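Chemist: Residue numbers (this note's numbering), protein chains in the order written: chain G, 1 to 361; chain R, 1001 to 1400; chain C, 2001 to 2286.
Just to be clear, a hint being listed does not mean it is correct.
[As the list claims (entries may be wrong)] Derived Cβ-Cβ restraints for the label pairs, each shown as a range:
hint : chain 1 : residue 1 : chain 2 : residue 2 : range
1    : R       : 1249      : G       : 326       : 50 to 58 Å
2    : R       : 1193      : G       : 183       : 38 to 46 Å
3    : C       : 2251      : R       : 1193      : 20 to 28 Å
4    : G       : 195       : R       : 1061      : 52 to 60 Å
5    : G       : 262       : R       : 1137      : 43 to 51 Å
6    : G       : 145       : C       : 2251      : 20 to 28 Å
7    : G       : 339       : R       : 1121      : 57 to 65 Å
8    : C       : 2252      : G       : 222       : 28 to 36 Å
9    : G       : 295       : C       : 2157      : 48 to 56 Å
Simulated from the structure, these hints should not be mistaken for laboratory data.
If you're wondering where the values come from, they're calculated on a predicted model, not measured in any experiment.
Glycine included, each C-beta is placed from N, C-alpha and C at the ideal position.
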Amino acid sequence: MMSHAQSPRIPSSLPISMGRTLALCRGRAQWLAVVVGGVALLALPRFFSVFWIHLANVCLIAIIGAVALNILTGNARLVSLGQAAFLGIGAFAAGLLQRTYNVPFPIALAAAAIAGGIVGVMVALLSLRLRVLYVAVTTLVLHFAVTTFFSFVQAVFLDSSGIILPLPNLGFMELQTPTDWYYFLLAIAALIVLGALNLLRSFIGRRWIAVGEHDVAAEALGVPVRWAKVSVFAVTSAVVAFAGALSAYYVGTVSFESYHLGLAIAYLAMIIIGGVGSVLGSILGAVFITLLPYVLDQIFLIAHLNVRANVLAGLHQIAFGGLIVAFLLFEPRGLAEIWRRVRSAATDWPFRYRSASRSVR
Amino acid sequence: MRQKSRLATVSLALGAALALSAAGAQERAHKIGYLADLSGPMQDNYGPIVEGFEFYVKDLNGRGGINGVPVQVAVRDDQLDATRAASMALELATSVGVNSIWGMSQTRTHLAVYQTAARNRTPATAMFSGIKEVLPPSPLPYAYSAGHVFEVAGEVSGKLAATMLNGKGKMICNSIEAPGGVAACQFAEGAAAAGGLETGTVLFPPTVTEFGAIAQRMMSMNPTIVVAHAGSGQNVGLIKALRGAGFSGPILMGSHGLNEAPLINALQGIGSLDKLQIVSRFASPDSTGKELADIRAAAQQYGKKTPIATTTIMGWALAKLMDASLRQCGYPCPGDKLNSVLENIKVDMGSLMGGPVQFTPKDHYGTTWWRVFQYDAKEKKFLPASEWLEASSTPTLRKQ
Amino acid sequence: MASFILTVVASWGIYALLGMGIVLVYRTSRVLNLAGGELAIFIGYVVAIAIENGLSFPIAVPLGMGSAMALGLAIFWFTIRRIMGEPPHVGLMLTVGIATILNGLMIVLFGGGMIAVPAGLSGFTTIGSLRLPTTDVVAAIGAWLSIAAIGLVYRVTNLGLQMRAVAERVMLSAQRGLNVDRTVALSWIIGVLAAGLAGILHGERAFVALSATVIGISALIACLIGGMDSLKGVIFAAFIVALTESFTALYIDPRYVLIAPVMILLVILIVRPWGLFGTVEEFRRV
C-alpha cells in the first residue's frame, strides 16, 4: 500500500483499488458530469415543446425495456425475440386488473411485473437445455402464442377494440400532462438504470455475465448455471412487463395489435445499435431508435425532398434495417463504443491512447 | 463598454424584429388536423379518402373559405401504429394547435387517438370505419365517427341477407380475427337469424393470403349467401377461392374502405364478378346527383387522373361535415367549443349519403342509411340495387 | 376431398421449397435465415410487376429467378462473407436487418399492395372426373419440379458435393482445396433462388402482398420441426405444417391456422429440440 505522504498525486479516476474499480463514479470529473447531466434532464421540460416532452417520455419507457433486454441478450447472451410478448403481458395484466377490479396504479404495475416474471421463469425452464439459436426460437414461439392468446381474449371476452385506461393517480400527484409523466418516468428510469448498473457489478450480475460468456466454463467454476438462467429471465421479463404496463397507462389504451414482431425487432435493434452488454448502450440505442422516424421526417422536410408520404414508411424501414446491418458489420459494439472512443480521444489528447491494459466498461 | 452596448442594441433590435414578424405571421385560419395511414400497405384504401377531403378544402378555400376564413389542414401519417397515432395526435393538438382531428386510419389506432384527443380537448372524427365506443348510450367524449361502424354494418348486412333470400337459406359471414371483424359477424348473424336464416361464421387471421382450405370449409357449411367483412385485399383472395371452390351464390361485401377499381381489376376474367354486391353508407362513384358532380369537377380541377372511388366520396363527405361544424362554431373556434357544436350537429349530405349525419350528446354516430350496389357486367360498374335502408345506432346483439 | 389434397400438396411444395432455401444456407454458412418470407415475396413482386408492365409469364419468371440469384449473391458478398465464423446470433440479427430492408424496398419500389402473379391460366383443369383450380395445379407442379431440380443438383452434381462437404466439415474441405467462400456464395445463390421460386408460385396461386411474408414463418417452423440442417427433414416437416394448416382451416377453425404449427413446434422443442431429422446436438447438461 502506498503511503500518502510520499506518493505523487494520483488522479482520482484511476482504478487503484477494488472499491475504485467497481465504483460507478470515479473522480471529480465524472461526478461533475453526473450533476450537470442531472440538472439538464430536470430542466428539460422548460425548453422543449409538449410534443418533444412526449417523445422524451416514449424514450424513457423504451430505455427501461432496452436496459432489461440488454442484460438478458447482451450480458447473459440469451437472445430473446419475445420482447413484444412480455410488453404485452405487462400491458394486459395491468389493463385487465384495472378494468375488472379498478386497482390503484402501483398495484397494477406490480402485478404486471409479477406476471412478466412468472412467464419469464416458464420460458427459462423450457430453454435451459437449449443452445443460443434455440432459445431465440423458443422466445419466437412464445411471441406467437402470447399474441394469439391476447387476440383471442380481446375478441371474445373483451368484445371491444381494446382496454381503456384512465390517467393514473399516484396519491401525491396525478399524472396528467406529459410534463408530469416526464418527471415520474425520469425517476423510474433512473432507478432502473442504477439498479441495472448495480446488478451487473454485483455477484448476481457477474454470474449472469459468466453464464453468458461460456456456460460450461461457468458451471465448471461453480456458478449455478440453471439458477442464473432462470433468475436473469425472471428479473428482466419482470422489468419488461413493467415497462409494458407503464406504456399502456401512458398511451391510455391496450390492444393486442400493438404487440407485433416488429416491436421485438425494434428493441433488438436498440441494443445492437446502442451496444450489446452495456447499460449506456441501451440508453443510447433506445433514444436513437425511438427518435429515428421523427428525425428522418425532419431531415426529409428540411432537405425539401418532398417525398411522397406513401414512400416515407418504406424509407424508415430501409434506414432501420440498414442501420442494423451496418452496425453488425462495422461497429458491433455500437454507439456506446463510438462514444467511448470519442471520449477517450478527447481525454487522452494529445496522446493516442493511455495504456494498453485499461479496463473497458 | 461600447462594444457591449452595441451588442445589446443589435440584439434588442433583432429580437424586436423577430417578435414583430412572428406577430405578423399570425394569420386568420381554421387549423384542423388530418391523421391517416398514408404509407403503409393499406394506403390504396386511405389515399382516396385524404384526396377527397383535400379536394373539398381546396374548393372551399378557393371560394373564400368559411366566412372569409380559410381552412388549413395539417396531414400526419400514423403508419397504422397506435403509439405513433397517439404521438401524431398529440403533435397536432399541441405543436400545430389544431382544434380538431379528422380522418384516422384503421380501428386499431382509434382508441389511442380518441384518448389523446380527449385529454387535449380536441374532438376527433373518424371516417374509415369506427369503433363501438361512439355508439349510444355513453360514447367517449370528443370521439365521433361518420364511417362504417362494424357493429352497425354487420347488422345491416345480416338484415339484407335475410331480405335477399326471403327468409330461407343459410348465410355465412366471414371476417378477420380482429375485434371489429368479430363484432361485424356477430351482429350479422344475429340479424340474419332474426330474419329466419340459418347462420354461421368463419374467421381467419389478418395475414392469410391463401384461401383454398378456408373456402372449402365455407363450402362444407352449405351457404346460400356469403357476407364478407374482411379488408378489401383479403376479400379478393376469398372471392377467387370461393368461386374456385364452386360457390355460385351472391356475395355481399361490407364496404370497409373499399376502392372499386383495384377490386374490379383483380377479379376480372375469373367470372368472379357476378353476383357481387357491396353494402355502403355512401353513394357509389357512378351515382348521379349534384354533390357527386361537384366532386368530379373538383377532382378534375385539382389534377386527379383516375376515376373517383367510394373512398373519395367518403373524404368529401367528411369535409362537408367539417365545414358545417366550423361554420356553426364561428371564428376563433377552440376545441371544446367545436366539440359542443359537434355534439348537436345535423348536416344534410344530399346525394352523397342516404340521410343526414346527425350527432347528439348521447350518440356520436347517429341513425344511418345504407344501400346495396351490385356489379353490372355490361356497364362494368357497381350500380344501386336497393333503396336506402335506415339503421339505428343501437344494433341489437343476439349472441349465439 | 380432391381439392383439399391438391391444396395441401401445393402448400407443401411451396413451404418445402422455401424451407429448402433456408436449410441450404444454414448448412453451409450456419446462418439461420429469418428473411426467407421477405425474399420470396420480393421476387414475387418483381415478377408480378414485370407481368403488369407487359412481359409474358414465361419471360417474367426467368427474370425473377435471375434477380433472385443476383440478390443471393449480393447478400452473400456484402454481408455474410464478413460475418462467417461469428457466433450464431450475429447472423440471425443480420438476416432480421435484411428482412427489414427488403420490407422497406417493397414499399418504396412496389407499393406494398396486393398484386397477383397471373400465369395466364385460370379456371379449372379437368382430370378425369375431378375439377381442380388450375392455379393450384400449376403451383404444385412448379414447386415439386423445383424441389426435384434442386435436390438433384445437391445430390448428383459436383457443386452439390462441394456444398455437402462444406456443410459437414468446413476445415477439412478447406484443407482439401475447396474454395469455401465460393461454395457458400453458391449455396446462398441457390437458397435465395429457391425462396424466390416459392414466392413466385405463391403469387401465382394466391397473390403477393406485404402480409404474405408470413409464408416465411411457416417455412421456418417447418425447418425447425424437421431439423435446421436436414433437407429430408424440412421436406417431411413441410408436409406436417401444410397438412396442419389446411386441416385446421377445414375441420377445426380457420382462426387458429397460424398458431397450430407453432404448437407443434413447441412440442418438438420440448421433446426433441434438434428437430425430427436434425443432427443430434450434444446439448451440454446445464
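Chemist: Indicate, hint by hint, whether the structure satisfies it.
Modeler: Evaluation of the provided hints:
no. : hint                          : in the structure
1   : 1249(R) / 326(G): 50 to 58 Å  : 55 Å, holds
2   : 1193(R) / 183(G): 38 to 46 Å  : 55 Å, violated
3   : 2251(C) / 1193(R): 20 to 28 Å : 24 Å, holds
4   : 195(G) / 1061(R): 52 to 60 Å  : 56 Å, holds
5   : 262(G) / 1137(R): 43 to 51 Å  : 38 Å, violated
6   : 145(G) / 2251(C): 20 to 28 Å  : 22 Å, holds
7   : 339(G) / 1121(R): 57 to 65 Å  : 42 Å, violated
8   : 2252(C) / 222(G): 28 to 36 Å  : 50 Å, violated
9   : 295(G) / 2157(C): 48 to 56 Å  : 50 Å, holds
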